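10 protein chains.
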Amino acid sequence: MSEISRDIIETFENPYPQRDYSIETICPEFTSMCPKTGQPDFGALTITYVADQKCFELKSLKLYLQQYRNHGAFYENVTNRILDDLVAATEPRSMKILAEFTPRGGIRTNVTVEYRSEN
Amino acid sequence: MSEISRDIIETFENPYPQRDYSIETICPEFTSMCPKTGQPDFGALTITYVADQKCFELKSLKLYLQQYRNHGAFYENVTNRILDDLVAATEPRSMKILAEFTPRGGIRTNVTVEYRSEN
Amino acid sequence: MSEISRDIIETFENPYPQRDYSIETICPEFTSMCPKTGQPDFGALTITYVADQKCFELKSLKLYLQQYRNHGAFYENVTNRILDDLVAATEPRSMKILAEFTPRGGIRTNVTVEYRSEN
Amino acid sequence: MSEISRDIIETFENPYPQRDYSIETICPEFTSMCPKTGQPDFGALTITYVADQKCFELKSLKLYLQQYRNHGAFYENVTNRILDDLVAATEPRSMKILAEFTPRGGIRTNVTVEYRSEN
Amino acid sequence: MSEISRDIIETFENPYPQRDYSIETICPEFTSMCPKTGQPDFGALTITYVADQKCFELKSLKLYLQQYRNHGAFYENVTNRILDDLVAATEPRSMKILAEFTPRGGIRTNVTVEYRSEN
Amino acid sequence: MSEISRDIIETFENPYPQRDYSIETICPEFTSMCPKTGQPDFGALTITYVADQKCFELKSLKLYLQQYRNHGAFYENVTNRILDDLVAATEPRSMKILAEFTPRGGIRTNVTVEYRSEN
Amino acid sequence: MSEISRDIIETFENPYPQRDYSIETICPEFTSMCPKTGQPDFGALTITYVADQKCFELKSLKLYLQQYRNHGAFYENVTNRILDDLVAATEPRSMKILAEFTPRGGIRTNVTVEYRSEN
Amino acid sequence: MSEISRDIIETFENPYPQRDYSIETICPEFTSMCPKTGQPDFGALTITYVADQKCFELKSLKLYLQQYRNHGAFYENVTNRILDDLVAATEPRSMKILAEFTPRGGIRTNVTVEYRSEN
Amino acid sequence: MSEISRDIIETFENPYPQRDYSIETICPEFTSMCPKTGQPDFGALTITYVADQKCFELKSLKLYLQQYRNHGAFYENVTNRILDDLVAATEPRSMKILAEFTPRGGIRTNVTVEYRSEN
Amino acid sequence: MSEISRDIIETFENPYPQRDYSIETICPEFTSMCPKTGQPDFGALTITYVADQKCFELKSLKLYLQQYRNHGAFYENVTNRILDDLVAATEPRSMKILAEFTPRGGIRTNVTVEYRSEN
Chain A
706 MSEISRDIIE TFENPYPQRD YSIETICPEF TSMCPKTGQP DFGALTITYV
756 ADQKCFELKS LKLYLQQYRN HGAFYENVTN RILDDLVAAT EPRSMKILAE
806 FTPRGGIRTN VTVEYRSEN
Chain B
706 MSEISRDIIE TFENPYPQRD YSIETICPEF TSMCPKTGQP DFGALTITYV
756 ADQKCFELKS LKLYLQQYRN HGAFYENVTN RILDDLVAAT EPRSMKILAE
806 FTPRGGIRTN VTVEYRSEN
Chain C
706 MSEISRDIIE TFENPYPQRD YSIETICPEF TSMCPKTGQP DFGALTITYV
756 ADQKCFELKS LKLYLQQYRN HGAFYENVTN RILDDLVAAT EPRSMKILAE
806 FTPRGGIRTN VTVEYRSEN
Chain D
706 MSEISRDIIE TFENPYPQRD YSIETICPEF TSMCPKTGQP DFGALTITYV
756 ADQKCFELKS LKLYLQQYRN HGAFYENVTN RILDDLVAAT EPRSMKILAE
806 FTPRGGIRTN VTVEYRSEN
Chain E
706 MSEISRDIIE TFENPYPQRD YSIETICPEF TSMCPKTGQP DFGALTITYV
756 ADQKCFELKS LKLYLQQYRN HGAFYENVTN RILDDLVAAT EPRSMKILAE
806 FTPRGGIRTN VTVEYRSEN
Chain F
706 MSEISRDIIE TFENPYPQRD YSIETICPEF TSMCPKTGQP DFGALTITYV
756 ADQKCFELKS LKLYLQQYRN HGAFYENVTN RILDDLVAAT EPRSMKILAE
806 FTPRGGIRTN VTVEYRSEN
Chain G
706 MSEISRDIIE TFENPYPQRD YSIETICPEF TSMCPKTGQP DFGALTITYV
756 ADQKCFELKS LKLYLQQYRN HGAFYENVTN RILDDLVAAT EPRSMKILAE
806 FTPRGGIRTN VTVEYRSEN
Chain H
706 MSEISRDIIE TFENPYPQRD YSIETICPEF TSMCPKTGQP DFGALTITYV
756 ADQKCFELKS LKLYLQQYRN HGAFYENVTN RILDDLVAAT EPRSMKILAE
806 FTPRGGIRTN VTVEYRSEN
Chain I
706 MSEISRDIIE TFENPYPQRD YSIETICPEF TSMCPKTGQP DFGALTITYV
756 ADQKCFELKS LKLYLQQYRN HGAFYENVTN RILDDLVAAT EPRSMKILAE
806 FTPRGGIRTN VTVEYRSEN
Chain J
706 MSEISRDIIE TFENPYPQRD YSIETICPEF TSMCPKTGQP DFGALTITYV
756 ADQKCFELKS LKLYLQQYRN HGAFYENVTN RILDDLVAAT EPRSMKILAE
806 FTPRGGIRTN VTVEYRSEN
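Protein sequences appear in the order of chains A, B, C, D, E, F, G, H, I and J. Residues are numbered in this note's numbering as their position in the first sequence, beginning at 1, plus a constant of 705. Residues are numbered in this note's numbering as their position in the second sequence, beginning at 1, plus a constant of 705. Residues are numbered in this note's numbering as their position in the third sequence, beginning at 1, plus a constant of 705. Residues are numbered in this note's numbering as their position in the fourth sequence, beginning at 1, plus a constant of 705. Residues are numbered in this note's numbering as their position in the fifth sequence, beginning at 1, plus a constant of 705. Residues are numbered in this note's numbering as their position in the sixth sequence, beginning at 1, plus a constant of 705. Residues are numbered in this note's numbering as their position in the seventh sequence, beginning at 1, plus a constant of 705. Residues are numbered in this note's numbering as their position in the eighth sequence, beginning at 1, plus a constant of 705. Residues are numbered in this note's numbering as their position in the ninth sequence, beginning at 1, plus a constant of 705. Residues are numbered in this note's numbering as their position in the tenth sequence, beginning at 1, plus a constant of 705.
Since the hints were derived computationally from the structure, they do not count as laboratory data. Certain hints may be false.
[As the list claims (entries may be wrong)] Restricting the straight-line Cα-Cα distance to at most 20 Å, the calculated cross-link-like pairs of lysine to any residue (SDA-like) are:
no., chain 1, residue 1, chain 2, residue 2
1, B, K764, A, G811
2, E, K801, C, N815
3, J, K741, G, F717
4, C, K767, D, G777
5, I, K764, A, G810
6, I, K764, F, R813
7, J, K764, H, G811
8, F, K767, B, A793
9, J, K759, J, G811
10, I, K741, J, L768
11, A, K767, I, S822
12, A, K741, B, E762
13, D, K767, C, M738
14, A, K801, H, N815
15, J, K767, I, I812
16, G, K759, G, E823
17, J, K764, H, G743
18, H, K759, H, E718
19, H, K759, H, R724
20, J, K801, G, S727
21, I, K767, A, P808
22, E, K764, C, P740
23, A, K764, A, G811
24, J, K741, G, E762
25, E, K767, C, F806
26, I, K764, F, Q723
27, F, K801, D, I812
28, J, K801, I, I812
29, H, K767, J, L768
30, B, K764, B, A793
31, D, K801, F, Q723
32, A, K759, H, R813
33, C, K759, B, P740
34, D, K764, C, N815
[To be verified] Examples of chain F residues lying across from chain I (beta carbon under 7 Å, computed):
no., residue
35, A778
36, N782
37, N785
38, T807
39, G810
40, I812
Source: prediction; values computed, not measured. Quick reminder that beta carbons are idealized off the backbone N, C-alpha and C, glycines included.
Using the sequences and the hints given, assemble the complete structure.
Take a look at the structure:
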């Protein structure tokens, strides 16, 4: 089972920090492993945030998410952890992640987590 | 007509109880029996909840719902009972169930029930 | 032109009156007659309500709606009358009817009426 | 139970009899009665034909089909009879009718009948 | 370029003035002329209103809108004018018009105008 | 595990045996059991046939298919067996069954079987 | 009622006459008048052809089709005439026109006409 | 890399400045260059605004946007700059731009920016 | 880069070898690695075959396909190799594989390969 | 107006030349210039071919197609030329290109060209 490092996420300077605006990034090719059965899970992530000083760079986001390819974790863990890592890397005004997983045993699960800066 | 037991629902510890986040579970293969005609009914359940200390485990949820396969009950009863059983098993902060039944006699019915913890 | 009787609507006891929950019933096969031209009109009714002590029984609802098959009335009249009859029969906490009629002369009409109990 | 008359179908002269071309007429608002239960059936008819000397007139087709509104007959009978009546009225080079009925008891039925002139 | 007359709009008495309810009328076959190029424009109008004492009659609405067929006017003008004319004819409690025009030069435009009575 | 009887299928006389025409019956609410895991399977059956002297009656078809509800069998077996039983009951000119099963383990299966009378 | 002139159709030289290839042009904004009622008809034309020496120019096609805006003619006439005019103007190897008209009285009509050069 | 000039945007007088109404303009054919790789980016812009005294003219908007065809800039920059330029040109009561870019590396990005006048 | 073994594919006896019938298996969660860039590729496989004596078992197919998860190969190689392996394991009468890969650089690729037994 | 060079197309060796199989490549982000108006055109290309000894490499295909970005040519020319260039570069057994252009003046055009090797 592989390790996940949040240091891989690169950022660039928000070009319009004076304005609150929304960036939505959709990653329909997310895959991780079920820690119980060792079977792969598939899903789509939708990350929506209002940047403060930093935006995440898309190629580094892709490499960060590819770390989960051979990593075992439950849906609820994965989604909350990705939020924590992206918040730590970009310190946004707010961020929300919707993770939609493909069906297993005829049952489908979506997890929604949200962060709001205290300032 | 078979009996329904809520004891079959297993839970696991919510990995992020410090954060209010939403888990949505969609079960498109629900089936029960009409108590009047003995004919099977089909439907899809969408369960959305904010967990407190416990999340329900998906495989046990599936087994719990399969108990309705040969059980006779009206739509309104079924939906309210599933909410009661899942609330008893997981003691969530809030939970909502949408049950969408397939047409009978050219008429389609959806039932929506909701629970909100008093804390 | 046939008469409409609201007495045909049967009810059963709401199994969970202690909880406010929503029942949505969709009837895509509604048909009546245009009082001016005598031509048939077609439409779909979506009835959404929060029951108090009584729920309407689906088969009797179907028979009630079939009375409109050879009855002439304008869209606005039909929709308001069905609301009045269903409210009288079930005394709900609230009820809403959306009637979507198929195009005539290239023009399509939807009517939405709503009732809210004063308690 | 009302009678069906094929004499109601009016025709007009095919403006281009020198060319084999196809006319497709779609009637999504067909309704008749089930002869066993007396309940209304709903469906859509798609009539496709290559006219010879005569085309059917659309308003008279509508009036012809409205005769089935209070007429009891099984799907297979209805579809074959409409073909026979339209062939008798228009004497086409070929004609095909697809009748798609809405679900009853969770089961949906489509009937396809075809006529080809012997010349 | 033809003239537009609002006198063509006929009304009938609202059958349920004691209740606030919504009537939505959709006209997907609207066409007018571009005043600059003389080319036809196509669009769909969605008119939603809460009637007070008067409802507009659908056939007269159709004839009213057909006056724009050979009339030259910009999108913003057309939509606002139709609102003014329908408000003058029916004196509604509120009315909203959404006009969705088909693409020109790869660009599509929607205009939304709204009226709310001061009583 | 329940037994399947083909004797339950009732037929009625084909009203137009002089004409080859197609009857398509779609049953989206089919369910059986996996013989290995004991878990329910769900699917949709599309039965298309040209009747000779007999058509199957829809209500008896429904009851015949409901026998599979607690019966364990693989997809390939189920589909071929239903074809054999319907051919035995109706002796059609030809018949085709498409069985579309819902996903298991992220994998979806469709089976198509066909019968053609030798006359 | 306005006149239709086929002279308005301009052509340009087929850039690849050595190759049989297909050009499909879709005009979703066609409108003409019903000769009986004077009401506008709307439809979409799909013109597919294999050019020989000449292709039709799109702007001139648009102007040609706009001539029908205030011209009264039945569906069957309109479609056959447009085929005749485009064949005369471009002398193609083959051409096919599908005209799909919007519903009138709940009934929708599509006309398909085809030309094939004798060489 | 080409320069962008906002002077190219022409305006016309708002025909109904006395009324707050919404104009939505959708440009699905936007393309610019990635400043890092020199590869083209594609996207759709949806511009929604409430005009004050001036509306932008559509043809000039198209020419303004075509300046980005060979211009290199990141998504966040492009979207914010277009908002600034359109606000400068039209001085609207409010304006919002949604830019939806096509996938790169399996990842899709949408940017939403908004302006609200201080009066 | 991991090795692929075809020995992992298990089969079971075709229950109806006397009949030619079609089995279609759809695997929307296929993933492999690009051998040039090391980046993951995603796609959907549709396998359609007429079995002779052997059918492949679905769980073993899933495990066979999961071997490609960390295996580097081009689309054309992957698809042809899977066909070769499944043909070797099941010796079918015929088999066809459609592989639909998700876009890379704005370009999407589908590969279709087919096998037909010589008997 | 820029020049188009076919030398930019790179190929790799077909890994399975012993088998006739189909490769379909879809490029939804094609853009060129109208030679008459200088305005950009947009479209989607679908290239389907059976390779002989050579397959085209996707990145070089993308660069080849990007040459049309500032190149002026009519639809019919563009599509035939791309076919000629890809056939020259890969010498396939057969190749087909479908070019679907976005609407101009309310009219949409698709061009289909095909090549078949004489061996």
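Exercise. If you draw a straight line from the CA of C:K767 to the CA of D:G777, is it 20 Å or shorter?
Worked result: holds, 18 Å
Exercise. Under the criterion that the straight-line Cα-Cα distance not exceed 20 Å, is the pair F:K801, D:I812 satisfied?
Worked result: holds, 17 Å
For this session: Quickly compare the C-alpha distance for D:K767 and C:M738 to 20 Å and report which way the hint goes.
Result: holds, 14 Å
For this session: Take the C-alpha atoms of E:K801 and C:N815, compute the straight-line distance between them, and say whether it is at most 20 Å.
Result: Holds - the C-alpha atoms of C:N815 and E:K801 are around 14 Å apart, at most 20 Å.
Exercise. Are the Cα positions of A:K764 and A:G811 separated by 20 Å at most?
Worked result: violated, 34 Å
Problem set entry | Given hint F:Q723 paired with D:K801 - CA-CA distance at most 20 Å | Roughly 16 Å between the alpha carbons, so the hint for D:K801 and F:Q723 holds.
For this session: Would you mind confirming whether the straight-line C-alpha gap from B:K764 to B:A793 stays at or under 20 Å?
Result: Distance of about 18 Å is within 20 Å: holds.
Problem set entry | Interface hint status, F:A778 versus chain I (Cβ within 7 Å) | violated, 9 Å
Exercise. When you check the alpha-carbon spacing of C:K759 and B:P740, does it fall within 20 Å?
Worked result: The hint holds at about 19 Å.
For this session: Would you check the hint for I:K767 and A:P808, treating anything up to 20 Å between C-alpha atoms as holding?
Result: Holds, at roughly 15 Å.
Exercise. Any CB of chain I closer than 7 Å to the CB of F:I812?
Worked result: holds, 5 Å
Problem set entry | Straight-line alpha-carbon gap J:K801 to I:I812, limit 20 Å | With Cα atoms ~17 Å apart, J:K801 and I:I812 stay inside 20 Å; holds.
The structure is inconsistent with the numbered hints 8, 9, 11, 23, 26, 29, 34, 35 and 38, although it conforms to all the rest.
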